[in-house]
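**Student:** Spelled out, the chains give:
Protein chains: 2
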Amino acid sequence: MEGYVQVYTGNGKGKTTAAFGLALRASGAGLKVFIGQFCKGRNYSELKAFKNLPNITLKQFGTPKFIMGKPSDEDYTRAEKAFEEVKSIIQSGKYDIVILDEANIAMDMGLISVDDFIDAIKNKPDNIEIVITGRNAPKEILEIADLVTEMKEIKHYYKKGVHARVGIEK
Amino acid sequence: MEGYVQVYTGNGKGKTTAAFGLALRASGAGLKVFIGQFCKGRNYSELKAFKNLPNITLKQFGTPKFIMGKPSDEDYTRAEKAFEEVKSIIQSGKYDIVILDEANIAMDMGLISVDDFIDAIKNKPDNIEIVITGRNAPKEILEIADLVTEMKEIKHYYKKGVHARVGIEK
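Just so you know, the sequences run in chain order F and A. Quick note: to get the working numbering, add 10 to the position in the first sequence (first position is 1). Quick note: to get the working numbering, add 10 to the position in the second sequence (first position is 1).
Take the hints with a grain of salt, since some may be wrong.
A pair counts as met if it fits within one copy or between any two copies, since identical chains are not told apart.
[Unchecked claim] Calculated lysine-lysine pairs in the BS3-like style (CA-CA distance at most 27 Å, straight line):
no.	residue 1	residue 2
1	Lys132	Lys165
2	Lys75	Lys134
3	Lys162	Lys50
4	Lys134	Lys180
5	Lys149	Lys132
6	Lys149	Lys104
7	Lys180	Lys162
8	Lys180	Lys61
9	Lys58	Lys97
10	Lys170	Lys149
11	Lys42	Lys104
12	Lys169	Lys91
13	Lys104	Lys162
14	Lys162	Lys91
15	Lys170	Lys132
16	Lys170	Lys42
17	Lys134	Lys170
18	Lys134	Lys169
19	Lys75	Lys91
20	Lys58	Lys132
Rather than coming from a laboratory, the hints here were simulated on the basis of the structure. Please read these numbers as outputs of a predicted model, since none were measured by experiment.
Whole structure, please, built from the sequences with the hints as guidance.
**Tutor:** Structural data, given as structure tokens:
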């Protein structure tokens, strides 16, 4: 099966969630999935759910703290190490699908170089599907992608004062 | 926890997939989820994956045949019965989240009345979260929703001739 490059971007809810649904469907079909989460390092409920699913490996590369404003030295070091790991995972051929959650954000914040990232994607083995999520996808990523969906916020309940809820948003 | 109404619509890839990711996350948090799929009746890979997940019940209300053009009498009968079942499931209080996959399509095709659907949503128990997916969401649905994300197709590989693949799209 030839692998493509899918991108989920935009300011609306559903990007990471769609990638997780994709991982779930793939695991049902017996495909092997790696999910690397940039800029995230918290025990979200999905970590618990993935424990029940064979064929899915999830790794969080960030710290529990959300990056606000200027990234710290630790954020840079972690992203750099994460990117090295992701490159070897893509090349390893162990996974049919590699999901790079919030990689757009990591590039947008300058934690990963867009050029290096594109090189890694261009050099992927043919049969591997890559899924990239996060708002503010760099235009170079949109150009090399085979599929791009923009999740567009039309209405959001956080404007009503609804906070992230366990099991729904986190 | 108060329940809201979420809608995923638009012509892009990721609507059903996001709802499945949401179900996965919720199951990880111990919430109970019902997924009713209108207009679908095939053994998609997700059916297999959901078998490994506690707390998720998935039911397909459609036939294996995709509805093209004018719906058949069977399509109408099935949708009517499905809608009755969904209403009692919403009222039963057995589930924290009720996902109505492709319900927008069912309304758009006239298989379910928009007014009746809105009544069912308005009469839901307070603590139940409702998630509605499908393109062409009726404007009345967007009005009563608390959260709306439009999945907008920016680029799609089917235009390159890529067909739905097992584990990725189905």
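**Student:** It remains to establish, for every hint, whether it holds in the given structure.
**Tutor:** We went through each hint and held it up to the structure:
no. : hint            : in the structure
1   : Lys132 x Lys165 : between (36 Å within a copy, 18 Å between copies)
2   : Lys75 x Lys134  : neither (31 Å within a copy, 36 Å between copies)
3   : Lys162 x Lys50  : both (22 Å within a copy, 26 Å between copies)
4   : Lys134 x Lys180 : between (31 Å within a copy, 24 Å between copies)
5   : Lys149 x Lys132 : within (15 Å within a copy, 42 Å between copies)
6   : Lys149 x Lys104 : neither (29 Å within a copy, 45 Å between copies)
7   : Lys180 x Lys162 : both (20 Å within a copy, 24 Å between copies)
8   : Lys180 x Lys61  : both (16 Å within a copy, 23 Å between copies)
9   : Lys58 x Lys97   : within (26 Å within a copy, 30 Å between copies)
10  : Lys170 x Lys149 : between (32 Å within a copy, 20 Å between copies)
11  : Lys42 x Lys104  : within (7 Å within a copy, 33 Å between copies)
12  : Lys169 x Lys91  : neither (36 Å within a copy, 36 Å between copies)
13  : Lys104 x Lys162 : neither (34 Å within a copy, 32 Å between copies)
14  : Lys162 x Lys91  : neither (31 Å within a copy, 33 Å between copies)
15  : Lys170 x Lys132 : between (43 Å within a copy, 18 Å between copies)
16  : Lys170 x Lys42  : between (39 Å within a copy, 25 Å between copies)
17  : Lys134 x Lys170 : between (43 Å within a copy, 19 Å between copies)
18  : Lys134 x Lys169 : between (41 Å within a copy, 22 Å between copies)
19  : Lys75 x Lys91   : within (18 Å within a copy, 48 Å between copies)
20  : Lys58 x Lys132  : neither (33 Å within a copy, 32 Å between copies)
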